[in-house]
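Visitor: Residues per chain are reported as follows:
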Amino acid sequence: MNVDHAATSSSLSSGSASQDAVVQLQDVHLTLPSDAGDVNILRGISLDVAKGEAVGLVGPSGSGKSTLLMVLAGLERQSSGSVHLAGADFSKLNEDGLAKFRLAHVGIVFQSFHLVPTMTALENVAVPLELAGHADPFGKAAEELEHVGLGHRLSHYPGQLSGGEQQRVALARAVAGDPEILLADEPTGNLDGTTGEQIIDLMFDLHKRRGTTMVLITHDADLAQACDRVVRLRDGQVENIAPGTGRVMPQDKVTG
Amino acid sequence: MARSWTLATSYARRELRGGLAGFRVFLACLTLGVAAIAGVGSVSSALVEGLSQEGQTILGGDVALRLAHREATPEEFAYISQGTRVTKNAEMRAMAQAPRTDERTLIELKSVDGLYPLYGDVTLNPQMDLADALAKKEGRFGVAVEPNLMDRLNAQVGDILKIGELDVELRAVIEHEPDRVGGGLALGPRVFVNDAAMAETGLIRQGSLVQFFYRIQMPEDARTNGAVAAWVDDLREALPDAGWRIQDRSDSAPSVRRFVERVALFLSLVGLTALVVGGVGVGNAVNSYLEGKREVIATFKCLGAPGTLIFQMYLVQVMALAIVGVVLGLLLGSIIPFVVQQVAGDMIPIPTRFALYMGPLVLAGAYGLLTALAFAIWPLARAREIPASSLFRDLITPTRRWPRVPYILATGFSLLGLVGLAVGLTEERLFAIWFVVGAAASFVILRLTAVGFMALAKRAPRIRVPELRLAIANLHRPGAATSSVVLSLGLGLTLLVAVSLIDGNISQQVSDELPDRAPSFFFVDIGPDQVDGFEALVRAVDGVHEFNRVPMLRGKITDVAGTASENLSVPPNVKWALQGDRGITYSREMPEGSTLVRGDWWPQDYSGKMLVSLSEELAAGFGVGPGDEITVNVLGRNLTAEIANTREIDWTTVGINFVLVFSPGVLESAPHTFLATVSMDAGEEAALQRSVTRAYPNITSVRVKEALEAVNSMVEDFALAVRAISMVTLVAGVLVLGGAMAAGHRRRVYDAVVLKVLGATRGRVLTAYLYEYALLGFGTAIIASAAGGLVAWLVITQVMDARWTFLPGTLVATVVGAAVLTIVLGLAGTWQALSAKAAPVLRAE
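These protein sequence lines map, in sequence, to chains Y and S. For what it's worth, the working numbering labels the leading residue of the first sequence as 1, then goes sequentially. For what it's worth, the working numbering labels the leading residue of the second sequence as 1, then goes sequentially.
Worth flagging that the hints you see were computed from the coordinates, not collected in a lab. Using N, Cα and C, we set each Cβ at its ideal position, and we do this for glycine too. Any given hint could be a false lead.
[Claimed, not checked] Pulled from the structure, derived: some chain S residues nowhere near chain Y, Cβ distances all over 12 angstroms:
{"id": "1", "residue": "91"}
{"id": "2", "residue": "101"}
{"id": "3", "residue": "115"}
{"id": "4", "residue": "196"}
{"id": "5", "residue": "363"}
{"id": "6", "residue": "466"}
{"id": "7", "residue": "473"}
{"id": "8", "residue": "562"}
{"id": "9", "residue": "564"}
{"id": "10", "residue": "582"}
{"id": "11", "residue": "657"}
{"id": "12", "residue": "690"}
{"id": "13", "residue": "807"}
{"id": "14", "residue": "838"}
[What the hints assert, rightly or not] The list that follows gives simulated cross-link-like pairs (lysine-lysine, DSSO-like), each with its CA atoms no further than 27 angstroms apart:
{"id": "15", "chain 1": "Y", "residue 1": "92", "chain 2": "S", "residue 2": "837"}
{"id": "16", "chain 1": "Y", "residue 1": "208", "chain 2": "Y", "residue 2": "51"}
{"id": "17", "chain 1": "S", "residue 1": "136", "chain 2": "S", "residue 2": "162"}
{"id": "18", "chain 1": "S", "residue 1": "458", "chain 2": "Y", "residue 2": "140"}
{"id": "19", "chain 1": "S", "residue 1": "837", "chain 2": "Y", "residue 2": "100"}
{"id": "20", "chain 1": "Y", "residue 1": "100", "chain 2": "Y", "residue 2": "51"}
{"id": "21", "chain 1": "S", "residue 1": "162", "chain 2": "S", "residue 2": "137"}
{"id": "22", "chain 1": "S", "residue 1": "136", "chain 2": "S", "residue 2": "88"}
{"id": "23", "chain 1": "Y", "residue 1": "140", "chain 2": "Y", "residue 2": "92"}
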């Protein structure tokens, strides 16, 4: 992992990809037009994330965290700079190409879940599997829901589930296709402490078990610290990077 | 209670400040339906009013008397011409031939005297006086003809025409004949001659099928409906046995008026169907409006507002909008007659009085408001019932609770009000009832099928193609538009399919099947002295397969089982038999195509009291049977015969058959002519017609093919009008469909974005929507085709008693058309959803 920052080595600012980097951002700018003139949301971000690494993105509101995540997901296009994920150059992919890329490589969890309200839990989780042509999308979806402890809620609609349950469905949906990269935008922001804790445990459990690369936006300093590294953004730029402490999983707590 | 309404109204006013977004479809549905009904009503009022205002012009006099076969006797003429002006016209069908081009055609010949016309003007081209155009000049009479005669004979002004035995000069083309509407179905173009010329044609012989009209103009002070009616009463009393058909200015063209009124009734019922289809859109709009108001309702409830206040508050808003829609519809509807006048004024063959008619507008307005009520009360009452807490979850767990009884009753009363207006305000009550029953049944069937459709989609096995599975799932998801789309689009389609199939069947009968079974020619006015020679001539022509001839007279039924026919009250299906005169015949054997129902046929050598065989339909309608007596006026003589038997007649054979067949005897000695039918190879028809006209100029030949073409083109014109109005219903259905699409738009944008986030390409999202709309369109079309087919089958086989022909082409066209329409509209509505950028949508949630 390298960060293009005054304090870091310049060897990685050349843009050349390191062998095990799954995410490579090189001088990414994003400018959006607004009534009051153009707004520079991202102002030259360079960032590499290694395979299997968990990175916490922190920073005050308006620092560009969510926009950066959108860029990583291919849902927002950078104005300049380069974005490579899993070896793919986003600037060479059109909208459909990006969709296919997400299908194959990326899972996303949002703060406000973004489940399809008119689909049951099972159907929501099955969607990416179906799209990918999975042999048994509903079997796999049920399995994933079991994993997040929702085996008894398969046929419930999102409106019939609590916030925590909805986020567990969203998580199951995000990881159902075994993505290499899991992006999460304040996944606990809409949940109470205990429920949020459960979700985080689940996420780190999956990250560990499957070796998924994870980029996690959060306001929660403790949670950020649980990642391998913490990247702090301010005004669309990387302010600093610090190593995290790593996550102590519940089973570790018990056994340790 | 009053305070509650005041409060509700003031809250409603505050809420309406927020604008009318989401009510476009609501307004469009009401406006369209109300405009259609108001338009149809206004146009038909203009026509009926025109008929009644111009009564004397259409009739050609204040009173018109019609006699078959004979002229008025000197005594009769003396009576009717006392203090009045009388013009006499003889009208008959005859043949005209143009020696220059050697073409011939059937014509509607009319002789006029110097007084004609009493009302209105005849306009000719080149402009000249009618009497002048017809006068004898240089030893030759003139004729004025309708323009289409020129085409048929390939003739021009100045040509010599041969009519009967007389050569006449074609002097002018008729541009306007004031009393044209009053005449019956025209099989050929009108030709005017004067009295003297008519006499010289040799066409008027004893028994020939000529009708004499006496059109009477009252003195100026007696030209009121009342005075005319009194004069007619006196006439009936003074000359009870004349056997004439009497018409007066108060109802100059009853059959035209009846036709206009029936068509208007049918079209307004279709308009009402459109309104009811639009009602589904009204209900949907109210539903989704309330959906958006859930928080407001919840807040009001939290603040202690009772359910009744909530109901009233939104009822006031909805009805205020309904009034806007109705007023717009009325404005549009009242303009329609003027548009019709501008666009097609010249093509309308009857006089019109275009103006603002309040009656139809009030009626259309009432229909509009009742429809809005009927469809709005339900969702309003449900919103009032739902506790604030569950308001937020209705999309996922639809509340199955029914509204309270008073609201259900209010909905029921509004619907009853609609039916009551539709049925109560017409004389054709039975027809209106059947229409309402049919529409209601279709409504229920479509609603049930929609439910079944959704249940089926829900139970469908999981399909491996994710786009298709998504589409099927979208059909039955909570909040899906399936039900209202199937209902509204389906009702319009059902009507269109029914109309198309009925029209198609009639056309099929008239243009394809009838000619196969029908004879090639009818020949009329064959004199008794000509009949043998005529038969020999026909049989000598190549290609003749069959020749039949029967004696024919015309007579008017004046008395049935001791009751004068004007005092008889009979069901509508046999009324025609008492209006004017009927063709009658006599025979020793029972005519072909008849089946004896009651009584016995008379023996071959019967000679005794005059007997008559009556069609079973008439006998049943008159309530008579064998043993009863019936009196018929023939040539001014009343002949009374005992009913010997009744027959079921198969009219579809188009052979010769009569509702009244008398035993030989008295009628044999009355002056009469013969009617003959000839079946032959189509290729030789022209040759036969040529040789008959040459040998017997007075014999009129009706080429069945041409007559059927004339009938068919009338049927086609009528069907076109019906189909055009049916389209209004379909447009209403499309509006509802569009409304449903718009209501689901936000959801679709969101769904599309989430699917794209999960890795679906635009193509795959599009495919899923395509499948969904195709399923919806095809499903609806198939259901509607079945329902429409059933209606058409019932009408053809049960009402019209005709043979049913299945027309797969019509059905396929409907199904494919409807599916394409749904797909195109659906995709048009979804396109925006597909291209929505993900980030803003995700941020907004």
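Visitor: Evaluate each hint against the coordinates.
Guide: Here's how the hints hold up against the structure:
1. 91: About 72 angstroms separates residue 91 of chain S from the closest Cβ of chain Y, which puts it past 12 angstroms; holds.
2. 101: Non-interface label stands for residue 101 of chain S: nearest chain Y Cβ at 72 angstroms, farther than 12 angstroms.
3. 115: Nearest chain Y Cβ is 81 angstroms from residue 115 of chain S, so the label holds.
4. 196: holds (87 angstroms)
5. 363: holds (43 angstroms)
6. 466: About 3 angstroms separates residue 466 of chain S from the closest Cβ of chain Y, which leaves it inside 12 angstroms; violated.
7. 473: violated (7 angstroms)
8. 562: holds (75 angstroms)
9. 564: holds (73 angstroms)
10. 582: Given a closest Cβ separation of 68 angstroms, the condition holds.
11. 657: holds (66 angstroms)
12. 690: holds (76 angstroms)
13. 807: holds (40 angstroms)
14. 838: violated (4 angstroms)
15. Y:92 <-> S:837: OK: residue 92 of chain Y and residue 837 of chain S at ~18 angstroms, within 27 angstroms.
16. Y:208 <-> Y:51: Satisfied, since the Cα-Cα distance of roughly 12 angstroms is no more than 27 angstroms.
17. S:136 <-> S:162: holds (15 angstroms)
18. S:458 <-> Y:140: holds (21 angstroms)
19. S:837 <-> Y:100: Holds, at roughly 16 angstroms.
20. Y:100 <-> Y:51: holds (20 angstroms)
21. S:162 <-> S:137: holds (16 angstroms)
22. S:136 <-> S:88: holds (19 angstroms)
23. Y:140 <-> Y:92: violated (32 angstroms)
Hints 6, 7, 14, 23, counting from the list given before, are not met by this structure.
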